[in-house]
Amino acid sequence: MQRSLVQLTLVRFREFIRQPEAVFWTFVFPVLLAVGLGLAFRSKAPDKPKIGIVTSTPAATSIAASLKKDSTLTVAELTDSAGARALRTAKVALLVVPDSGGVRYIYDPQRDESVFARLVIDHAIQSAAGRVDPMKVSERRVTEKGSRYIDFVIPGLLGMNLMGSGVWGIGFAIVDSRSKRLLKRFMATPMSRAEYLMAFLFSRLFFLILEVVTLLGFGVLAFGVPLRGSLIQLGVICLFSALAFSALGLLIASRAKTVEGVSGLMNFVMLPMWIFSGVFFSSSNFPGVVQPVIKALPLTSVNDALRANMLEGTQITALGVEMAVILAWLVVSFVLALKLFRWR
Amino acid sequence: MVTTTPALVVRGLKKSYGDVRAVDGLDLEIRSGECFGLLGPNGAGKTTTVEICEGLLERDSGELQLLGLTWEKDADSLRERLGIQLQDTQLSEKLTVAETLELFRSFYDKGREVSDVIDLVQLDEKKNSRVGTLSGGQKQRLAIACALVGDPELLFLDEPTTGLDPQSRRQLWSLIEEFKATGRTILLTTHYMDEAEKLCDRVAIVDHGHIIAEGSPHELIDSIGATVPAPPPRASSATLEDVFVALTGRTLRDE
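Protein chains in written order, with the numbering used here: chain G, 2 to 345; chain D, 84 to 338.
Where hints are given, some of them may not hold.
To give an idea of the chain D side of the interface with chain G (calculated C-beta under 7 angstroms), a few residues [stated by the list, open to error]: (1) L139; (2) Q173; (3) E185; (4) F190.
Below, a list of computed lysine-lysine pairs in the DSS-like style, where the Cα atoms sit at most 25 angstroms apart [unchecked claim]: (5) K181(G) - K210(D); (6) K181(G) - K281(D); (7) K193(D) - K263(D); (8) K181(G) - K222(D); (9) K258(G) - K177(D); (10) K181(G) - K156(D); (11) K49(G) - K92(G); (12) K51(G) - K70(G); (13) K340(G) - K181(G); (14) K156(D) - K193(D); (15) K281(D) - K222(D); (16) K156(D) - K340(G); (17) K258(G) - K340(G); (18) K49(G) - K69(G); (19) K222(D) - K258(G); (20) K70(G) - K146(G).
No lab work stands behind these hints, which were simulated from the structure alone.
No experiment lies behind these values; they were computed from the predicted model shown.
By construction, the Cβ of each residue, glycine as well, lies at the ideal position given by its N, Cα and C atoms.
Using the sequences and the accompanying hints, generate a full structural model.
See below:
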């Protein structure tokens with residue numbers, strides 16, 4: 002390896018690690034985001050429905066007594082006015098009041114928990130009154146890793162991180178050097194332009210390994226996120242994704258003269274992908290007419306490929322469309338960047 | 084140093100930016116081993132001329148030869164043999180002095196030891212300091228060290244002392260004189276006439292994109308000495324600054 006290539010690559014490392022904020026956003030922030038989202042959306046049993054019952058008649062008192070034995074319910078005995086207040090302030094999801102010859106359910110049909118409470122309480126009251134179900138039903142309960150929100154969001158965060166550090170890491174450093182006339186100064190030396198760009202690539206690939214291992218390691222150890230696909234193929238997906246985003250960063254930075262200018266440009270390019278490419282929620286939530294556009298975004302393909310590998314164990318050979326989109330972005334961005342790039 | 088090839092030959096150089104003729108038929112010949120000063124007001128075309136010579140700008144027309152070579156045929160070899168300090172370069176603030184010089188040294192096939200160059204520009208005590216912590220004078224000495232680390236035969240210095248305090252200026256002057264003493268060639272642009280007078284063997288005054296006067300500082304002073312209006316009893320002590328102002332006018336020009 003050329004001495005100058007070693008030196009140029011060292012410069013990339015030095016500039017990166019001597020910038021604590023860059024280290025934070027690249028390595029710490031994605032993990033913090035994963036922790037926050039993992040805690041906020043952790044899997045837990047649905048809350049027991051809170052039922053209020055107005056015990057103004059002896060019949061109602063005996064219903065309340067039998068309901069209290071049911072462990073799937075939380076039951077509060079209330080007076081008429083206290084019951085109405087509890088319902089209004091959402092202290093109870095549903096209010097049971099005695100009615101002529103039976104009971105009446107008072108609830109808001111637009112609240113999920115009230116609708117759920119309606120089903121549970123009705124079953125409990127009818128069973129207590131002697132209803133027998135005509136169909137025999139058996140249950141098997143399973144909890145599947147891979148179907149939780151954290152399993153969905155970790156590959157998304159990885160994709161987002163690959164995009165951010167590729168586009169920012171490359172684009173910012175180049176435009177910063179251009180705005181400080183350092184690129185121009187280098188042009189006046191025998192420095193090889195190819196080596197200058199290769200140094201970015203080498204340092205990018207090194208940091209890529211750290212980023213992927215940090216975030217996935219954290220996901221696996223802290224949340225038990227599954228890695229069902231081939232790890233080598235996962236590495237290949239990450240590698241090409243990082244290259245594609247680096248090429249995109251190079252393209253964005255090819256002309257910009259100021260850091261402010263390139264920041265705006267980067268946000269303009271990345272913001273739609275943060276929203277549409279299925280980082281935090283599935284991109285299939287968007288209407289069908291925009292789906293072809295969403296599918297063509299590089300981050301959508303990266304996220305889809307990462308999820309297919311990690312959660313479903315899909316072979317890379319079955320991810321032809323996604324890999325083709327990633328490769329197309331890589332080649333087109335890189336060729337355009339080389340055509341447009343200004344050294345001064 | 085006696086060499087037949089001039090270090091730099093410029094003939095009929097022209098460069099326009101839109102309607103503005105930045106360089107308009109400029110001729111220049113710099114002998115090997117001399118320190119040549121390019122003087123002129125802001126916007127006279129000094130920096131454009133220098134950057135064309137450095138291979139950083141394309142010229143519209145004219146001939147250009149450096150060390151007997153041309154940018155069209157011998158760009159790689161020229162970059163090895165030229166040392167350049169630009170007016171507005173900011174070196175990376177996150178790197179140390181030594182790291183910056185190691186980087187620049189690595190670009191050249193042959194050159195000087197980084198530690199020697201650090202010695203030369205008196206940055207020993209600062210060699211492990213980040214560039215961001217250096218003073219203006221220290222940064223400028225580092226910029227010149229970057230130009231020297233490839234052991235150049237021809238050194239371009241574009242306003243190297245602008246904005247520096249007198250001490251830093253003098254330190255840079257002795258650095259330039261040391262380089263000159265090794266028999267190599269310097270092209271220097273400056274606003275400071277005392278600087279040109281002290282350092283340069285010959286100077287040229289540029290205005291509106293071409294040379295309006297050329298010669299050794301003393302020749303130029305003599306040529307105008309008698310016509311400097313005041314004060315008559317001390318006419319012989321006219322400085323190069325008088326020449327400069329007489330030739331380019333007294334109006335202030337800002338870029």
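Comparing the hints with the structure gives:
Nearest Cβ of chain G to the Cβ of L139(D): about 6 angstroms, under the 7 angstroms cut. The hint holds. Checking Q173(D) against chain G: minimum C-beta separation of about 4 angstroms stays under 7 angstroms; hint holds. Checking E185(D) against chain G by beta carbon gives a least distance of about 6 angstroms; that is within 7 angstroms, so the hint holds. The interface hint given for F190(D) is met, as the beta carbon of that residue sits about 4 angstroms from the closest beta carbon of chain G, less than 7 angstroms.
Distance restraint check for K181(G) and K210(D): the Cα-Cα separation of roughly 22 angstroms lies within the 25 angstroms cut-off, and the hinted pair is therefore satisfied. Taken as a hint, the K181(G) and K281(D) pair is broken in the structure, with Cα atoms around 31 angstroms apart against an allowance of 25 angstroms. Between the alpha carbons of K193(D) and K263(D) the distance comes to roughly 20 angstroms, so the proposed pair stays at or under 25 angstroms and holds. Note on K181(G) and K222(D): the hinted pairing holds, with a Cα-Cα distance of about 14 angstroms set against a maximum of 25 angstroms.
Straight-line distance between C-alpha atoms of K258(G) and K177(D) comes to about 20 angstroms, which keeps the hinted pair within the 25 angstroms bound. In summary, the hint linking K181(G) to K156(D) is not supported, as the alpha carbons are separated by about 29 angstroms, beyond the 25 angstroms threshold. At most 25 angstroms may separate the alpha-carbon atoms for a hinted pair to count; K49(G) and K92(G) meet this at roughly 13 angstroms. In summary, the hint linking K51(G) to K70(G) is supported, as the alpha carbons are separated by about 14 angstroms, within the 25 angstroms threshold.
For the suggested pair K340(G) and K181(G), the alpha carbons sit about 22 angstroms apart, so the restraint of at most 25 angstroms is met. This hinted pair checks out: K156(D) and K193(D) have alpha carbons roughly 21 angstroms apart, not beyond 25 angstroms. Proximity of K281(D) to K222(D) is assessed by CA-CA distance (about 23 angstroms); at most 25 angstroms being required, the pair is judged to hold. Between K156(D) and K340(G), the direct Cα distance comes to roughly 23 angstroms. Compliance with the 25 angstroms bound is thereby established for this hinted pair.
Our distance criterion of 25 angstroms between C-alpha atoms is met by K258(G) and K340(G), whose separation comes to about 17 angstroms. Between K49(G) and K69(G) the CA atoms are separated by roughly 13 angstroms; this keeps the pair inside 25 angstroms, and the hint holds. The straight-line distance between the Cα atoms of K222(D) and K258(G) is roughly 23 angstroms, inside the 25 angstroms bound, and the hint therefore holds. Of the supplied pair hints, the one linking K70(G) and K146(G) is violated, its CA atoms being roughly 33 angstroms apart against a limit of 25 angstroms.
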